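This is what each chain is made of:
2 protein chains.
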Amino acid sequence: MPVRIVLSGLLLVSASLSLSAQPTNWLEAYREPAKRLIEASQASDFAWQRLAEVTDLYGPRLSGSVGLERAIDWAVETMKKDGLENVRKERVLVPKWVRGRESLHLLDPVPQPLVMLGLGNSVGTGPDGVTGEVIVLRNFDDLEAKAAQVKGRIVLFNVPFTTYGETVQYRSAGPSRAARHGALAMLVRAVGPTGLRTPHTGSTTYAPDAPKIPAAAIPAEDAERFQRLQNRSVPIRVTLMMDAHFEADVESFNVVGELRGRELPNELVVMGGHFDSWDVGVGATDDAGGCIVTWEAVRLMKVLGLRPRRTVRVVLWTNEENGMRGGNAYRDQHLADLKNHVMMLESDGGVFDPAGFGFSGPDSARRTITAIASLLATLGANKIEAAGGGADIGPSVQAGNIPSMSHLVGGNYFLIHHTPADTVDRITPKQMADNAAAIAVMTYAIADLPWRLGSEK
Amino acid sequence: MPVRIVLSGLLLVSASLSLSAQPTNWLEAYREPAKRLIEASQASDFAWQRLAEVTDLYGPRLSGSVGLERAIDWAVETMKKDGLENVRKERVLVPKWVRGRESLHLLDPVPQPLVMLGLGNSVGTGPDGVTGEVIVLRNFDDLEAKAAQVKGRIVLFNVPFTTYGETVQYRSAGPSRAARHGALAMLVRAVGPTGLRTPHTGSTTYAPDAPKIPAAAIPAEDAERFQRLQNRSVPIRVTLMMDAHFEADVESFNVVGELRGRELPNELVVMGGHFDSWDVGVGATDDAGGCIVTWEAVRLMKVLGLRPRRTVRVVLWTNEENGMRGGNAYRDQHLADLKNHVMMLESDGGVFDPAGFGFSGPDSARRTITAIASLLATLGANKIEAAGGGADIGPSVQAGNIPSMSHLVGGNYFLIHHTPADTVDRITPKQMADNAAAIAVMTYAIADLPWRLGSEK
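Here the protein sequences come in this chain order: Z and D. If you're matching positions, the first sequence starts at 6 in the working numbering and goes up one per residue. If you're matching positions, the second sequence starts at 6 in the working numbering and goes up one per residue.
Please note that the accuracy of each hint is not assured.
A pair holds if it fits inside one copy or across any two, identical chains being indistinguishable in the list.
[Stated by the list, open to error] Computed list of lysine to any residue pairs in SDA-like fashion (alpha-carbon distance at most 25 Å, straight line):
(1) Lys435 with Gln235
(2) Lys435 with Gly310
(3) Lys435 with Arg93
Because the hints were derived from the structure by calculation, they are not lab data. Remember, it's a predicted structure, so these values are computed and weren't measured experimentally.
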């Protein structure tokens, strides 16, 4: 229907300044489905119960764990029971990093076991551990300034959390930066706001040109204690012991389910989250929640008989946390088909109170999405931010130049991120229902638009 | 000065209804010292730095630990440097309970290491641990109702935190209650509000007529997960491993320091906290903070040359957490002298924003204390609650029928109580200064009163 598409595009352009006040005609068609999706989602705690089921029964889901593989099989079976179509597992070889036993003992000024979490992908210390004096550094500049004192010591980067993007570099790059100056091991102040002596794990990345030294996170409270001790010129000695190691890669899977489009089934609106998690909580917020709300969005369409023009596909990616193999494999396995990916959405920022979406793509598409978001005002989910994307959709989005969205929520995601406290009880049934509804309305409308998103002009 | 005492008493009675509006003459004498004590305390972060020093350098201070004994020696030396008088250690034999290694592993429905803390005084499990199916119980009534299902199982008491007094009974009495029905071990939902997967340790008490079974706390999040699994009829199996054991009693000490009274040195106003702590945080709130603010109250009087008529004594009791030997020994060692104890005050409820004091004693004395508290209005510390006391002063207060006070503060004490998160950074320099000032003003005035507190009528 090219005429109608052009017409709609013109209408959008002319109406763009007052779109939320006076929606153009095309939007009217989605008002009733939006109402039904929101009401159906809010009518029960189905999504929350499903989130509790997966996290209670399968626990943490690190790549290579029995929990992840059982959860994947359960998801396939359950998607089929939901009546989704083309439900399948897409094979991905994933790394198997094993934490094993680990500990950090303060020796001086007083013997005391400390709270810690080894960083994902870290090497181990050997059974005797690594013992050394700690040097506390404020940042990488401080490392360079004190480079001569680092050799033979254990470096602690005591960097208060600002934003994840800013602070995480010490977790990612810290070990190799310290190792180049001869550090024995690296400790990093946990990347997150101060909790309750809460350590945060997460992956680290060794540079190819630096020795691989063991790396672990300690809580903010301990980092500040070490800082005070150093400021008093009190020597700090610790023993770090980590069994951490890699085993051979193992088979894992991306899980895919669909509701096939009624007119343009080959055009795809793809949404999902990553089904793997760190091994220390149960990965409810990061990212079973994102998996369940996107899956639930498709299930709600199915239950209500709302089959859009195009296919909606949910993908539960594997191995986001310590390898990104799932997202890369999806790109490689669907390379020829990426041109048919109309939009990809990832939910991996938590499932607290919904706020809206981030969007990256053509301005014309942004106007369409902004108009659809006006249907989510009652959920508080009508904000459209400047950029959207996600770690798992990233490779495909880049390869296919695909419009992409992230799912935005409130709440203090980084307080529990990669910690033992990433548990289901921090999320309410209403939050799950509202997030599923917001995603359902947005993706249903995009998949059903009379024109392909992004072709407005 | 009996005439003046009677006169003051009469004045108090007649003025009691409007005391805070129109303080009687005697109170005027304390207005200037109060102002000086408050200003001196607020002028520096001395008390907070001292709290950081003891917790940073000596760490947790469980009875029998090197940290406690080093901290005691430091306190004696530092009190002497402060110029306190009659500084001494009073010997106490204390139990030495050792946590050792411990772990809780979920076996079914999915293998997963869990967060836990063994309860103080618990027996161990032996090296192979105790493996069994978990039965989740709501309370003791539920235990009795399901008594037949308890044998051979591991009991979990999943009791949400209400008040400490109400909920702690499951930690204290739970193991023996469960053991009488044949339980293999007991788990208790951590006694405190839900934190960040935060377990709370604390002592348990075995009844003499029940088998001693191992006992540990698990976070609220895990207790709720177990509840949901049981509600789904999913069997839960765990292995609990605890090396916990007692070693022979060891020598410890109450630390005593004084500012001798200028007129009635044999009459004593005693204040303090307990210097021992659990082994998992650094015992900043429980109870180094209480020790430091009471000590600081006496130090401030000394620094300002405010020597009251009676002696003020600070006591840092040992072994409050898992034996109460320090408080009992103080009573026994000072039995003949308890008649000279005018008042005893304990600070063991945290050192967050000051609120006032609890008081137990004669009504006449309560009126005097209420009048003194009016001098603390600028600190927000002028509330006098119905009852006051403390675990360490309890034995002496009871034996000597001594008026007693507790130190009241705001804040969420039970969120961090007996957890790894009991660290110094949760307390601000201003809180330490304000609490020290409030205690200094209150105890200085009581120690200096023209009459003995409680003799008003």
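Exercise. Are the CA atoms of lysine 435 and glutamine 235 at most 25 Å apart within a copy, between copies, both, or neither?
Worked result: between (47 Å within a copy, 24 Å between copies)
For this session: Up to 25 Å between alpha-carbons, please classify lysine 435 paired with glycine 310: within, between, both or neither.
Result: within (23 Å within a copy, 62 Å between copies)
Exercise. For the identical chains here, do lysine 435 and arginine 93 meet the 25 Å Cα criterion within one copy, between copies, both, or neither?
Worked result: neither (30 Å within a copy, 60 Å between copies)
Consistency with the previously given hints fails for number 3 only.
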